[in-house]
Structures are given as C-alpha cells and as structure tokens.
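The listed protein sequences derive, respectively, from chains R and V. Here the working numbering is used: position 13 in the first sequence is 86, and no number is missing along the way. Here the working numbering is used: position 92 in the second sequence is 647, and no number is missing along the way.
No wet-lab data here; the hints were simulated from the structure. Glycine included, each C-beta is placed from N, C-alpha and C at the ideal position. Be a bit skeptical, because a hint or two may be false.
To be verified - Pairwise CB distance ranges, derived in the manner of DEER restraints: (1) V:Q668 with R:V107: 21 to 31 Å; (2) R:E105 with V:K603: 18 to 28 Å; (3) R:S108 with V:S667: 43 to 53 Å; (4) R:L114 with V:R630: 19 to 29 Å; (5) R:E105 with V:A634: 43 to 53 Å.
Said to hold, decoys possible - Below, computed lysine-lysine pairings styled on DSBU-like, alpha-carbon distance capped at 30 Å: (6) R:K120 with V:K603; (7) V:K603 with R:K142; (8) R:K82 with V:K719; (9) R:K142 with V:K600; (10) R:K120 with R:K82; (11) R:K214 with R:K236; (12) R:K120 with R:K142.
Claimed, not checked - Stretch-level coverage of chain V by chain R, calculated; a stretch enters the list once three of its residues show a Cβ under 8 Å from a Cβ in chain R: (13) 588–600; (14) 619–632; (15) 698–704.
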Amino acid sequence: MPDDRWQPKLDQYLDSELSAGEMRGMEAHLRECVSCASDALHRLQLKRVTRLAGQRYTPSAEFRRRIEKQVAAKNRPAHRWLWIPVLASLVVLLAAVVTVGRWYERSRSQQVLAELADLHVADLASPTPVDVASSDRHTVKPWFQGKLPFTFDLPELEGTGYKLVGGRVAYLEHEPGAELLFDVGAHHISVFIFRDRPEIERVFPAHDSRSRVLSFHVESWAAGGLRYFAFSDASPEAIEGLCRLLQQAGA
Amino acid sequence: MSAHDSSVGFEELAMPLFDSLYNFAQWLTQNRDEAEDLVQETYAKALKGFGSFQPGTNFRAWVFRILRNTFLTSRTGLAVSRTVPLESEDESEQTVAVSHETPESILLVQASQQQVQAALERVPVVYREVLLLCDVEEMSYQEIADTLAVPIGTVMSRLYRARKALRSALEGKVPEAKHA
Numbered sequence: 074m075p076d077d078r079w080q081p082k083l084d085q086y087l088d089s090e091l092s093a094g095e096m097r098g099m100e101a102h103l104r105e106c107v108s109c110a111s112d113a114l115h116r117l118q119l120k121r122v123t124r125l126a127g128q129r130y131t132p133s134a135e136f137r138r139r140i141e142k143q144v145a146a147k148n149r150p151a152h153r154w155l156w157i158p159v160l161a162s163l164v165v166l167l168a169a170v171v172t173v174g175r176w177y178e179r180s181r182s183q184q185v186l187a188e189l190a191d192l193h194v195a196d197l198a199s200p201t202p203v204d205v206a207s208s209d210r211h212t213v214k215p216w217f218q219g220k221l222p223f224t225f226d227l228p229e230l231e232g233t234g235y236k237l238v239g240g241r242v243a244y245l246e247h248e249p250g251a252e253l254l255f256d257v258g259a260h261h262i263s264v265f266i267f268r269d270r271p272e273i274e275r276v277f278p279a280h281d282s283r284s285r286v287l288s289f290h291v292e293s294w295a296a297g298g299l300r301y302f303a304f305s306d307a308s309p310e311a312i313e314g315l316c317r318l319l320q321q322a323g324a
Numbered sequence: 556m557s558a559h560d561s562s563v564g565f566e567e568l569a570m571p572l573f574d575s576l577y578n579f580a581q582w583l584t585q586n587r588d589e590a591e592d593l594v595q596e597t598y599a600k601a602l603k604g605f606g607s608f609q610p611g612t613n614f615r616a617w618v619f620r621i622l623r624n625t626f627l628t629s630r631t632g633l634a635v636s637r638t639v640p641l642e643s644e645d646e647s648e649q650t651v652a653v654s655h656e657t658p659e660s661i662l663l664v665q666a667s668q669q670q671v672q673a674a675l676e677r678v679p680v681v682y683r684e685v686l687l688l689c690d691v692e693e694m695s696y697q698e699i700a701d702t703l704a705v706p707i708g709t710v711m712s713r714l715y716r717a718r719k720a721l722r723s724a725l726e727g728k729v730p731e732a733k734h735a
C-alpha cells in the first residue's frame, strides 16, 4: 500500500518543489516502498510524455520575421530616445565645464589684477615708490637692463601732460617685470609690463581690456610679446591717453 | 532569466521566448491565426510596458502573464472562461488524495505522443495551461503562481486536478465541466 505520508507529495517531488530535507526523505522512502516507487515512475512518465506532447506547435518562419521586425522597429526608436537624456547630460556637463572654466578664468584674472592693485597701492603708500627716480626715459629704461628678461620702449612725454616719475622691478607670480610710475595732474598711474605668458593670455584673452579693481581703473593690452597693465584712480580717458602713447612707442 | 539586467534590451529578453509563447498561445486558442494574433499583441503590449517591468522580477512569468491575460480578454478566451471545471479549488484537497497504480497509468506508458496531444486538447484550458507551464515550460510553482496570478496552493491544487483530468482524457473520459 502507498504511504499516506509520502504519496501525496510525489508530484511536488517530481516537480522539484520539495525542500532539500523532504527530497532526501522522499528518496529514502522510495527505496523502501515499492508501491510509491511505482506510482512515482508512472507520474514521471506522465510528466515526460506531457512535455513531449506539449511541444507541439512551431511558429512559421514568416511569422517569426514579422515579430522580429515589429520588435526591432519599436525597439530602435526607443534606443534612439535613450540618447536624449544622454545628450542632455552631455550638454549640461559641457555647460558646467564652460561655466566652471569661465569662472576659473574670471577668478584668475581677478587674482592677477588684485595682486597688481596691491603693488600699486603699496607703491603709493611707500616713501620710495620707485627704485629709479627720473623723468628721463633714457635714464629709466636702461636701468632695467640686466634686471628683466625683456626690454620695452618709453614714449616722449614732453607736452603730453604726463610725467614719468621713475620705475622699479615688480613681480607677478614670481615673474619679474617693470613697474613704471607716471603722474597726470594730481593722480598717479602705475604701468606694469611683463612677458605675455599663455597663463596670462588665457585669462586676458582680449587684446585690449578695461576693468575696475578696488575702484581703480585698469587698462590692459598685449603687444610685442609683452603684457601691459595700467592702474590709476585717474579718469579712464587719462589712463587711455597714456596707454596710447605707450602703444605708439612700442609699435 | 529571473533577473532583469537594465542593460539588456527587450529584444534580447523577449525573442528567446518566442517559440514557447507561440506554442502556449496555440494550445490556448487551438487556432493558428488566433495564436499569431495573440503572440503579436503580447509582444506589442510587453514592448509598450517594458518600462514598467520591475527589474529583479521574473521576465518570463511577466510575458506569459501578458499573453494569458490577453487571451482571457479575447473572444475565444471569454468563451473558455465561461466554462469551468466542476471541482472546487480547495487547496488542501490534493494533499489527501491518494492514487494507486491503475490501468490508466499502465495505459499511459503505452500512450503515443499523438494520444497525449489529443488528451491535452480535451482537458479544460484552466488545467491545460497549468500542465503546459509546469511540464512543458518547466516553470517552478512560484513562476506559475506569478503567471496565473494565483497563490501557490492553488497552483498545486490545479496541477493535481489537471493530471487527473489528463489521465481521464487518455482513458477516453472527458472531464466534466459546467458553464458558469
């Protein structure tokens, strides 16, 4: 007689749905119980023949192609749409890079100008703002020989309203340059001249630029591989006048 | 294929199931044209709803469930669903049922594949589908429960009755059914 405990679980055993412990228990029982073993064999045969008989219908090749085409056609646009968020992310990333880059450049240019403004203010406060005190350009320019890795030209200021006070060596980011002090009326104008480096060129891309730092007017330009910065509390026109003279002298 | 990898596309997951889905569809509909329509609609619905498919759940059960639900709302499916087996779906009943070696089990050994196919055609769809999912698709009880949207106990009960109905059909006894 079949065992009432194990026989009802035969289908679950053959469907591999018993726990590991029950599987072992069932296998042990089937080794001893001929009735249940025979029942299990017939149920297994039913499963096998059902599987074989159930695999009856095969789709036509034409129908398969139709479905593949249907899936591929609807899948491709979906993949294409997937590029939208990817593209959007790239645009946002690019915008972020540009923004950060511009912020960095702006930050760098402000840093350079602030450093030069400090030099300008320090010179005005100093009892000896220049190391070579002379209104003669033929005295001031030669003084820099051997002190700087470049040379520059100074304009004739006779009758222009501008007066050369003198000059000294200044440093911008460890690079030596010339600092020239001019007077126009009661105002002082500091003109800094450095070699134009890629780092400086990148943050001052415009050939000529005007800006304000700590209320000082600043004019900057590049010529002949040199970078000029003019600082003053004088009017922008007064600064520009001196700048034109310096540009003409260096041309 | 129980886990869904988001990097895997619908095509890669769904097309390997094409033969199985078609076979299941024709067993349900018993008609080639209807089976093709059913499979085509299943793929369209699955593709449309693929975004809502929960990663980590069973894709095969998900697609088979779509096919079965689509079938049940078709004209053939609605007609079939009005015919239900007489037996109740008492989940505990199958656990006390005891069968012995009978002439029908011996008959089964000698039954040809064509005879079993004919018997499968005769059993009610509600039994045929659970037999196909378990013995042909080799789904676990949990997968079948997910596909049919019923508890595992109901799956076990239906399987017991389905196998009993199949044996009866092999003997030439058509299982009793009533119109709901």
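Hints, verified against the model:
1. V:Q668 with R:V107: 21 to 31 Å: 29 Å, holds
2. R:E105 with V:K603: 18 to 28 Å: 55 Å, violated
3. R:S108 with V:S667: 43 to 53 Å: 27 Å, violated
4. R:L114 with V:R630: 19 to 29 Å: Since the Cβ atoms of L114 (chain R) and R630 (chain V) sit about 42 Å apart, the hinted range of 19 to 29 Å is violated.
5. R:E105 with V:A634: 43 to 53 Å: Holds - the Cβ-Cβ distance for E105 (chain R) and A634 (chain V), about 49 Å, lies within 43 to 53 Å.
6. R:K120 with V:K603: 36 Å, violated
7. V:K603 with R:K142: Judged against 30 Å, a Cα distance of about 15 Å means the pair holds.
8. R:K82 with V:K719: Within the cut-off at roughly 15 Å; holds.
9. R:K142 with V:K600: Judged against 30 Å, a Cα distance of about 15 Å means the pair holds.
10. R:K120 with R:K82: 15 Å, holds
11. R:K214 with R:K236: 15 Å, holds
12. R:K120 with R:K142: 36 Å, violated
13. 588–600: Contact hint for the region 588–600 of chain V vs chain R: holds, 6 residues under 8 Å.
14. 619–632: As far as the region 619–632 of chain V goes, the hint is violated, because 0 residues have Cβ atoms under 8 Å from chain R.
15. 698–704: violated (count 0)
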